[in-house]
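Student: If you want the building blocks of each chain, they are given just below.
There are 2 protein chains.
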Amino acid sequence: MSLPDEHPPGLMAALMDGLRRLPGVGAKSAQRMAYHLLQHDREGALQLGRALEAAVMGMRHCERCHTFTEAAVCSTCLDAARDPRLLCVVESPADQAALERTGSYRGLYFVLMGKLSPLDGIGASDIGLPLLIERASDPALREVIIATNFTAEGEVTAHVIGETLRSRGLRVTRLARGVPIGSELEYVDLGTIAHALSDRR
Amino acid sequence: MSLPDEHPPGLMAALMDGLRRLPGVGAKSAQRMAYHLLQHDREGALQLGRALEAAVMGMRHCERCHTFTEAAVCSTCLDAARDPRLLCVVESPADQAALERTGSYRGLYFVLMGKLSPLDGIGASDIGLPLLIERASDPALREVIIATNFTAEGEVTAHVIGETLRSRGLRVTRLARGVPIGSELEYVDLGTIAHALSDRR
Ligand SMILES: [Zn+2]
Ligand SMILES: [Zn+2]
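If you read the protein sequences in the order shown, they are chains X and D.
Going by full-length UniProt numbering, 41 is the number at position 41 of the first sequence; the sequence numbering is gapless.
Going by full-length UniProt numbering, 167 is the number at position 167 of the second sequence; the sequence numbering is gapless.
Bound conformation, chain X alone (with noise of 0.2 Å):
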């Protein structure tokens, strides 16, 4: 005998497949976060799932630099202090906080929030090409700046991006290869990616 709700799709099932879409986790781990949960960190629990929610509700696209916002307009974008001249395109919010951490960046950002992989099917809209070309036609702009990775996706989505905003007349310049070929920018030490952008060509 057996009561139905002590087996998947149970409460805990549920759970851990949740925790399953998280990526990296896989089914060993989503049962030990499951458990260390339930056992040791109710509140824990609770808060993430309240997080969760609240950011999924919350959080949109930045309708100038597409990167994560809880307004129309982000904080960046709206900084009266940032030279307008200048745009920065990068491919996560985390590769633009390194950028923020070396200091040496004063301009604008376009966050792409991925980057072109035709193989698993990320196209030019998913990394918000059309809002960056619309993004360029700012006629205070001088100059974008590409700063996708260096690697093998990341140095197509450069050179697509470049082709696309120099046929629109906009010069357009790399990061300076200062930065490790093979590396990703987000691991890259501050003083290497303030070179890389003061020798950008």
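These are calculated hints, taken from the structure and not from any lab test.
By construction, the Cβ of each residue, glycine as well, lies at the ideal position given by its N, Cα and C atoms.
Check each hint, because a few of them may be wrong.
Here chain X is said to cover these stretches of chain D; the calculated rule only asks that three of the stretch's residues, wherever they fall, bring their Cβ under 8 Å from a Cβ of chain X [stated by the list, open to error]:
no.: 1; region: 25–35
no.: 2; region: 55–69
no.: 3; region: 82–94
Cβ-to-Cβ under 8 Å is the rule here; a few derived chain D residues that face chain X [unchecked claim]:
no.: 4; residue: G114
no.: 5; residue: R135
no.: 6; residue: V188
Let chain X serve as the given structure and place chain D with the ligands on it in line with the hints.
Tutor: Quick look at chain D with the ligands alone, frame taken from chain X:
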């Protein structure tokens, strides 16, 4: 000029904080998970959020065996086909599942939901020892098989439980040491577990 809702404690910061409550998840992983969910799997984020709340609200400890259950008493404890003369003490539901998979055991279980670890402040009541003593007073019971892990903490836990129950006149056995020293039951192959079970001393 920066909008306050763009910075911690914003929705994104709250989400990353929530994800860091998960065991094994650091700042970098939390950030990657948060971006992934918001960019690629908002439905998954909502599903996880709902599952967390439902599990916290709906999961409790079985009144007889201390494992997680949605009912007052779990389906295993209610299973009339099981031998009420045998009680196997394990550290976790995962360990119980490992024993079940061997198909060699048809008795009942007691799940400690942890192990004694004085350095971490985990004492007898945290592993349900008072409930185990009460459970072990069942006159139908003939033998308690201790199947805690063969780690330092698992052995200490086995020793304390063994002493406690033997002092109450119970027959207490331990899984045979066919299980390799230093390993965790959950990861041991079925044959080894089955052998250790039949060879218990
Ligand atoms: Zn923006
Ligand atoms: Zn039970």
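Student: Checking each numbered hint in turn, tell me which of them this model violates, lowest number first.
Tutor: Hints 5, 6 not satisfied by this model.
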